[in-house]
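Participant: Below are the chains, spelled out letter by letter.
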Amino acid sequence: MEKIVLPDIDNIHILDVYVENGGFSAAKKAFSQSSDDIIDQVKKSGLRGRGGAAFSAGLKWSFMPKTTDKPKYLCINGDESEPGSFKDRQIFEYNPHQLIEGILITCYAIGAKIAYIYIRGEYHKWIKLMQKALDDAYAAGYVGEAMKEKFGTEFFCNIYIHKGAGAYICGEESSLMNSLEGQRGYPRVKPPFPAQNGLWGCPTTINNVETIANIPPIITKGWEWFSKIGEPKHPGTILFGVSGHVNKPGVYELPSGTLLTDIIYNYAGGVPGNKKILCVIPGGSSMPPLRGDQLEGVKMDAESLKAAGSAIGTGGIIVMDEDADLVKVLARISHFYHHESCGQCTPCREGTGWMEKILKRIIAGNGSTSDLDLLITVANQIEGNTICALGEAAAWPVRFMVTRFRDYFEARVSKEVNLQIANKVHSMRETERPLAEIKN
Amino acid sequence: MNNSEFKFTPENIERINKEISKYPLKKPAVMATLYIAQEQNGYISNEVIKEVATLLEMTSEEVLGVVTFYTMYYQKPMGKNHIQVCTNVSCMLRGGYEIWNQVKEKLGIDNMNVTDDQKFSLEEVECMGSCGTAPMLAVNEDYYENLTKEKVEELINSLKNSN
Chain G
1 MEKIVLPDID NIHILDVYVE NGGFSAAKKA FSQSSDDIID QVKKSGLRGR GGAAFSAGLK
61 WSFMPKTTDK PKYLCINGDE SEPGSFKDRQ IFEYNPHQLI EGILITCYAI GAKIAYIYIR
121 GEYHKWIKLM QKALDDAYAA GYVGEAMKEK FGTEFFCNIY IHKGAGAYIC GEESSLMNSL
181 EGQRGYPRVK PPFPAQNGLW GCPTTINNVE TIANIPPIIT KGWEWFSKIG EPKHPGTILF
241 GVSGHVNKPG VYELPSGTLL TDIIYNYAGG VPGNKKILCV IPGGSSMPPL RGDQLEGVKM
301 DAESLKAAGS AIGTGGIIVM DEDADLVKVL ARISHFYHHE SCGQCTPCRE GTGWMEKILK
361 RIIAGNGSTS DLDLLITVAN QIEGNTICAL GEAAAWPVRF MVTRFRDYFE ARVSKEVNLQ
421 IANKVHSMRE TERPLAEIKN
Chain Y
1 MNNSEFKFTP ENIERINKEI SKYPLKKPAV MATLYIAQEQ NGYISNEVIK EVATLLEMTS
61 EEVLGVVTFY TMYYQKPMGK NHIQVCTNVS CMLRGGYEIW NQVKEKLGID NMNVTDDQKF
121 SLEEVECMGS CGTAPMLAVN EDYYENLTKE KVEELINSLK NSN
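Chains G and Y are the protein sequences, given in the same order. Residue 439 in the numbering used here is what sits at position 439 of the first sequence, and the numbering runs on without skipping anything. Residue 34 in the numbering used here is what sits at position 34 of the second sequence, and the numbering runs on without skipping anything.
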């Protein structure tokens, strides 16, 4: 299978190697067409955002006003802080120039002169790698005013890196803009949407790193080619990050619609010790968890996962084996969302803390069946009642895990049943073949 | 450093000006400026906040608001080796808490504390994006991944023995 975002080419992160392999020819091709044509091609390609919402990239671009006297901006979201997601750092490290080329084409399409790549602060190393790639591209004339000469065009744009400082919420696009503006990273009320009122009140488009890294191949090989990869409603490859109880955790670039069980058992090497799977979170910690007996036939694309009762999110697959303690897992997830709630909206600020407290009570052995109902009640009161989607991100894992693993949780709050028995309540998927013990 | 006053070095002023040049206003450079200040001063003191505010034409309250919103700015001096252990889900499933407890015990300090010799500080952090190479910890800016108890033992010992 062909890889689009992370191709198997040695040293592709080096500018010369990237150029030798056709790098920046997509930008050249794009600059000879009208910006509307580019937006049209991206729309037709079916490319959907890889940051979580899976919104059509071309459609998002088309929201940018054509006539405005304000400057327009592009923001690249590299905040990557959803637990279970570690894909964008691979692009910064292994294919930064494709991201840069994607940014040039996107800026041209939406009419932006400045692009900011917002990278989470903890990624010191990857910020340096990305900055090095950017410096090289500038020095060679691929970015900035020198572009005019390099590409023989009137268009040029500048790209800057903005370093975050440790706040999950800044991955939310309006929070990211506030953070970039030098304020606390509070999400904004929408509407107005960024395309009307974004950075400094100007029209702004925000795309995920992986989304933009897909742009150059779409321009070079054509939208038809791209639209035929994987599932037609969510075409292309997806960088799946597999973590937790698997033998070979890592990032796998695979066509959308690849079977979840295929990814876990064939690519990620199955579960250590040949254990059964109790639970899988398919798209990063905020997405609804699936039970071990719900995995069969589930395809990894936005539409299929929706039908299966979850969501694609960032494609971060977290696998938990039969010995995992789901109450502790859920308490840890709830602690995270409590910690990361920005505190603007009462349901989220208070509710995330309540959910964490209730789960800790259950862990301490002081839980009761009514606590399980209370968890769901609190989750339901957060969902839909907040400015941004962190409310859903905090509520979904709780609501779906408690509902889907109700007997497991009931067993945990009942003093007579121990965890071993609780684990046997569910039918869990067996591995297909014996696997080696996990290695460090 | 005289605590009553904080001034950026000329080299750092130059770095800050470069950051400011990325944006149409001065204020957006506040996050980068705070990093530079933390590097120079060791932590974000009230004097740092005042100076950053003056430099970027912000109020001290606005700067303080930024400092307290993010986890990577410290309002007290941290150790020379600031150890950050991830215990979020993917790390937890692969032994993140064992690593956390091991480091805690080895250093004899708890979350956000500093050793008496100022050599180490410890922080339990949220997901660092190392889920595929879990468990992990970071020492200052460097990630250490695919950890085992032995690797952690070796790492902390070597940091203890280095000056």
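Hint data in this document are derived by calculation from the structure and do not stem from the laboratory. The beta carbon of each residue, even a glycine, is placed where N, CA and C say it ideally should be. Do not rely on the hints blindly, as some may be mistaken.
[Said to hold, decoys possible] Here are the simulated DSS-like pairs of lysine-lysine, each with C-alpha atoms no more than 30 Å apart in a straight line:
| hint | chain 1 | residue 1 | chain 2 | residue 2 |
| --- | --- | --- | --- | --- |
| 1 | Y | 50 | Y | 106 |
| 2 | G | 190 | Y | 106 |
| 3 | G | 66 | G | 44 |
| 4 | Y | 18 | G | 150 |
| 5 | G | 70 | G | 163 |
| 6 | Y | 26 | G | 163 |
| 7 | G | 306 | G | 3 |
| 8 | G | 72 | Y | 18 |
| 9 | G | 360 | Y | 104 |
| 10 | G | 66 | G | 190 |
| 11 | Y | 27 | G | 125 |
| 12 | Y | 22 | G | 113 |
| 13 | Y | 22 | G | 29 |
| 14 | Y | 50 | Y | 7 |
| 15 | G | 43 | G | 72 |
| 16 | G | 228 | G | 29 |
| 17 | G | 128 | Y | 22 |
| 18 | G | 190 | Y | 27 |
| 19 | G | 28 | G | 3 |
| 20 | Y | 7 | Y | 26 |
| 21 | Y | 151 | G | 276 |
| 22 | G | 190 | G | 3 |
| 23 | G | 328 | Y | 22 |
| 24 | Y | 160 | G | 148 |
| 25 | G | 306 | G | 44 |
[What the hints assert, rightly or not] Derived coverage of chain G by chain Y (criterion: at least 3 residues anywhere in the stretch with Cβ under 8 Å from a Cβ of chain Y; other residues may be distant):
| hint | segment |
| --- | --- |
| 26 | 77-85 |
| 27 | 119-132 |
| 28 | 216-225 |
| 29 | 232-243 |
| 30 | 252-258 |
| 31 | 332-343 |
[Said to hold, decoys possible] Not everything, but these chain Y residues come out facing chain G in the computed CB check (under 7 Å):
| hint | residue |
| --- | --- |
| 32 | 53 |
| 33 | 127 |
| 34 | 128 |
Participant: Hints first: check each against the structure and report whether it holds.
Facilitator: The hints, checked one at a time:
1. Y:50 with Y:106: 38 Å, violated
2. G:190 with Y:106: 48 Å, violated
3. G:66 with G:44: 20 Å, holds
4. Y:18 with G:150: 25 Å, holds
5. G:70 with G:163: 25 Å, holds
6. Y:26 with G:163: 16 Å, holds
7. G:306 with G:3: The hint holds at about 25 Å.
8. G:72 with Y:18: Within the cut-off at roughly 22 Å; holds.
9. G:360 with Y:104: 21 Å, holds
10. G:66 with G:190: OK: residue 66 of chain G and residue 190 of chain G at ~21 Å, within 30 Å.
11. Y:27 with G:125: Given that 30 Å is the threshold and the Cα spacing comes to 25 Å, the pair holds.
12. Y:22 with G:113: Judged against 30 Å, a Cα distance of about 12 Å means the pair holds.
13. Y:22 with G:29: 28 Å, holds
14. Y:50 with Y:7: 10 Å, holds
15. G:43 with G:72: 20 Å, holds
16. G:228 with G:29: 21 Å, holds
17. G:128 with Y:22: Given that 30 Å is the threshold and the Cα spacing comes to 17 Å, the pair holds.
18. G:190 with Y:27: 24 Å, holds
19. G:28 with G:3: 22 Å, holds
20. Y:7 with Y:26: 18 Å, holds
21. Y:151 with G:276: 29 Å, holds
22. G:190 with G:3: 36 Å, violated
23. G:328 with Y:22: 44 Å, violated
24. Y:160 with G:148: 54 Å, violated
25. G:306 with G:44: The given pair, whose Cα atoms are some 22 Å apart, holds under the 30 Å limit.
26. 77-85: Coverage by chain Y holds here, the residue count being 6 at a Cβ distance below 8 Å.
27. 119-132: holds (count 6)
28. 216-225: This one is violated; 0 residues, fewer than the three required, reach chain Y with a Cβ under 8 Å.
29. 232-243: holds (count 3)
30. 252-258: n = 0 at 8 Å, threshold three: violated.
31. 332-343: holds (count 6)
32. 53: 11 Å, violated
33. 127: Cβ of residue 127 of chain Y sits 4 Å from chain G, so the hint holds.
34. 128: Check passed: Cβ of residue 128 of chain Y comes within 5 Å of chain G, closer than 7 Å.
The structure shown violates the earlier hints numbered 1, 2, 22, 23, 24, 28, 30, 32.
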